[in-house]
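Participant: Protein chains in written order, with the working numbering: chain A, 163 to 486; chain B, 163 to 486.
You may find that some hints are simply not true.
[Unchecked claim] Some chain B residues well away from chain A (every beta-carbon gap over 10 Å; in silico):
#1 N265
#2 A398
#3 K426
[Stated by the list, open to error] Here are the simulated DMTMM-like cross-link-like pairs (lysine to aspartate or glutamate), alpha carbons at most 20 Å apart as the crow flies:
#4 B:K240 - A:E259
#5 A:K479 - B:E237
#6 B:K240 - A:D254
For the record, the hints were derived by calculation from the structure and aren't laboratory data. Treat the numbers as computed from the prediction; the structure is a model and nothing was measured. Backbone N, C-alpha and C define an ideal beta-carbon position, used for all residues, glycine too.
Now for the letters of each chain:
Protein chains: 2
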Amino acid sequence: MILEFMLILNQREIWSALSFEEALSAMEEAFLLFEAGDFHMPDRMHAHHGDNTLLLMPCFTNQYFGTKLVSVNPENPKRNLPAIYGSMILNDTTSGEALSLMNGAALTAFRTGAVGGIGIKYTTPVNANSVGIIGTGVQGFTQALFACKVRPIKELYVFDTQQKKANEFIAKLKMELPHLKLQSCSSNIELVNKSQIIITTTTSKKAVVPDDAELIKGKHFIGIGSYKPDMHEFPAQLYPLLDKLYVDTPFAKEETGDVATALKNGLISDSQVTPISKLIASKKTIAETTSLFKSVGMALFDLVMAQKIYARAMESKIGSEIEI
Amino acid sequence: MILEFMLILNQREIWSALSFEEALSAMEEAFLLFEAGDFHMPDRMHAHHGDNTLLLMPCFTNQYFGTKLVSVNPENPKRNLPAIYGSMILNDTTSGEALSLMNGAALTAFRTGAVGGIGIKYTTPVNANSVGIIGTGVQGFTQALFACKVRPIKELYVFDTQQKKANEFIAKLKMELPHLKLQSCSSNIELVNKSQIIITTTTSKKAVVPDDAELIKGKHFIGIGSYKPDMHEFPAQLYPLLDKLYVDTPFAKEETGDVATALKNGLISDSQVTPISKLIASKKTIAETTSLFKSVGMALFDLVMAQKIYARAMESKIGSEIEI
Chain A
163 MILEFMLILN QREIWSALSF EEALSAMEEA FLLFEAGDFH MPDRMHAHHG
213 DNTLLLMPCF TNQYFGTKLV SVNPENPKRN LPAIYGSMIL NDTTSGEALS
263 LMNGAALTAF RTGAVGGIGI KYTTPVNANS VGIIGTGVQG FTQALFACKV
313 RPIKELYVFD TQQKKANEFI AKLKMELPHL KLQSCSSNIE LVNKSQIIIT
363 TTTSKKAVVP DDAELIKGKH FIGIGSYKPD MHEFPAQLYP LLDKLYVDTP
413 FAKEETGDVA TALKNGLISD SQVTPISKLI ASKKTIAETT SLFKSVGMAL
463 FDLVMAQKIY ARAMESKIGS EIEI
Chain B
163 MILEFMLILN QREIWSALSF EEALSAMEEA FLLFEAGDFH MPDRMHAHHG
213 DNTLLLMPCF TNQYFGTKLV SVNPENPKRN LPAIYGSMIL NDTTSGEALS
263 LMNGAALTAF RTGAVGGIGI KYTTPVNANS VGIIGTGVQG FTQALFACKV
313 RPIKELYVFD TQQKKANEFI AKLKMELPHL KLQSCSSNIE LVNKSQIIIT
363 TTTSKKAVVP DDAELIKGKH FIGIGSYKPD MHEFPAQLYP LLDKLYVDTP
413 FAKEETGDVA TALKNGLISD SQVTPISKLI ASKKTIAETT SLFKSVGMAL
463 FDLVMAQKIY ARAMESKIGS EIEI
């Protein structure tokens with residue numbers, strides 16, 4: 163019997179392995195791999211069981227492959243449990259050996275925060291110092307943290323339809339960002355008015371940004387929430403203000419209502435929808451007009467982040483190495 | 163942050179959690195669930211990367227669901243590594259929370275041994291006391307152990323085209339089964355001649371049992387090796403001697419050459435291919451004629467075995483409970 167070991171990394175360990183800067187670099191590297199085609203990402207696989215869904219997301223690079231297993235159980239919040247649980251298994255590509263098990267929810271939040279940060283880095287003015295967050299869940303929290311790493315944010319505004327959640331969110335954020343002006347807004351209009359960058363992290367089916375061209379003109383939007391064709395966070399009047407609509411993957415055209423519905427309704431043309439990897443590969447940032455970067459995520463992000471976390475954790479002896 | 167824990171179970175822990183009798187009961191239970199339709203097993207998913215394959219095998223029962231990830235890297239043996247690595251993630255069906263990570267190769271070997279044992283229990287004479295194993299890998303070893311638990315085996319014969327491997331196999335088996343007569347055979351003819359039950363556990367493309375009706379008549383065959391349509395372990399002359407061909411799952415008709423090729427060549431009819439779950443559900447064993455039980459495995463076996471192992475391991479404090 164050959165002894166085998168796996169490195170188990172929990173939520174805290176995932177967050178502590180890399181600095182924010184390293185996480186952002188990892189996602190830039192993932193975008194460059196995407197642009198170079200230097201990866202293999204089979205279609206996401208779905209298994210349905212009643213109202214619950216199990217998503218299996220494998221991806222391969224030359225050195226590693228990984229599979230993220232995500233379970234979505236919509237009734238969980240009624241029982242005070244997170245709707246989503248996840249596990250990431252990282253393997254060595256050459257041998258197939260399993261190397262690491264990571265908390266998939268933490269990995270998802272961490273890499274989604276970093277992808278949002280990359281969106282901000284390439285599509286917003288370098289001196290932007292105000293950001294507004296609509297939606298106060300886990301993703302909103304990590305987006306806020308990463309936004310403050312890529313821009314000199316001084317004021318952070320929060321809006322949630324449930325005021326109580328917004329207050330709790332601010333209290334939690336205060337511990338991480340003690341020197342920031344943190345303020346809850348009484349409406350999405352107030353939030354957009356006060357913020358240069360607006361990040362949406364809701365599961366809404368209807369726009370959460372006001373449908374008012376005058377208000378939203380010149381603002382920079384980062385869309386994180388909508389990951390299904392029937393989910394929308396942005397209003398019709400936003401699209402005609404855009405030069406291009408930047409996406410994290412071309413799959414966004416099918417996966418999110420924020421792109422699919424706009425395409426269907428002719429609010430934007432197919433040729434305007436542009437993978438942000440093209441900007442990154444050409445080392446360009448965009449001019450300071452109204453902008454939208456829409457992220458839906460992909461297994462390549464999970465894999466590249468997981469391999470960076472794994473390598474660093476092994477180096478720094480983070481996590482539990484367990485015989486398997 | 164809600165603390166979450168997973169139970170990590172390694173090779174030794176998987177083998178120690180349940181007794182052989184409990185493992186056999188678990189597989190009987192799996193067959194009864196299969197017969198009752200009380201499970202949900204999506205199609206196996208494949209991802210190919212060069213010569214390597216990643217198989218994702220999810221399955222749901224009311225209380226648990228599980229996903230076995232198996233990587234098959236055919237070049238591994240050249241580097242002295244196992245061709246197959248596996249991980250099993252067990253989740254709670256109601257919440258989706260991940261409960262346990264198990265060594266998938268050990269789980270596979272353990273449940274495959276138990277499924278073979280169930281085959282022997284239902285398709286061979288109760289007083290059979292000799293067994294022959296063709297193929298001396300991990301599966302051959304576990305088949306031998308389980309065979310000795312369901313029948314009063316006194317003599318165990320081994321054949322492998324590589325004599326050295328057969329000798330090593332016997333030396334290893336001697337430690338587990340010290341009171342048995344263990345003997346290496348110089349040919350498959352000698353092995354079949356001396357054994358009432360013959361278990362095949364090779365990856366051969368051509369029959370490993372002699373194509374001789376006189377020799378094989380009245381013998382009881384358990385087929386474990388062939389899991390692809392181009393793999394075969396049984397000869398043409400076996401099929402006309404069979405009343406029925408018992409399989410562990412109806413998928414065997416497509417998945418293994420031992421059933422698919424025989425069907426295609428008209429050596430056996432579709433109506434003769436019978437899930438062994440029907441025997442188990444009706445609490446019958448078959449009459450003492452020539453028999454063949456062919457196993458290809460399915461995710462339901464992994465899931466039911468994993469849930470039994472998990473429950474017992476939690477009870478008996480086996481394994482490592484790690485924050486995730």
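Participant: Now look at each hint and say whether the structure bears it out.
Facilitator: How the hints compare with the structure:
Against the 10 Å criterion, N265 of chain B falls within the reach of chain A, whose nearest CB is about 5 Å from its own CB. Against chain A, the non-interface label of A398 of chain B holds: every CB pair exceeds 10 Å, the least being about 36 Å. With a closest Cβ-Cβ approach of about 30 Å to chain A, K426 of chain B is found to remain outside the 10 Å limit, as its non-interface label requires. Distance check on the hinted pair: K240 of chain B and E259 of chain A sit about 15 Å apart at the alpha-carbon level, within 20 Å; holds.
Restraint check for K479 of chain A and E237 of chain B: not satisfied, since their Cα atoms lie roughly 31 Å apart, outside the 20 Å limit. Simply put, K240 of chain B and D254 of chain A have alpha-carbon atoms about 16 Å apart, close enough for the 20 Å limit, and the pair holds.
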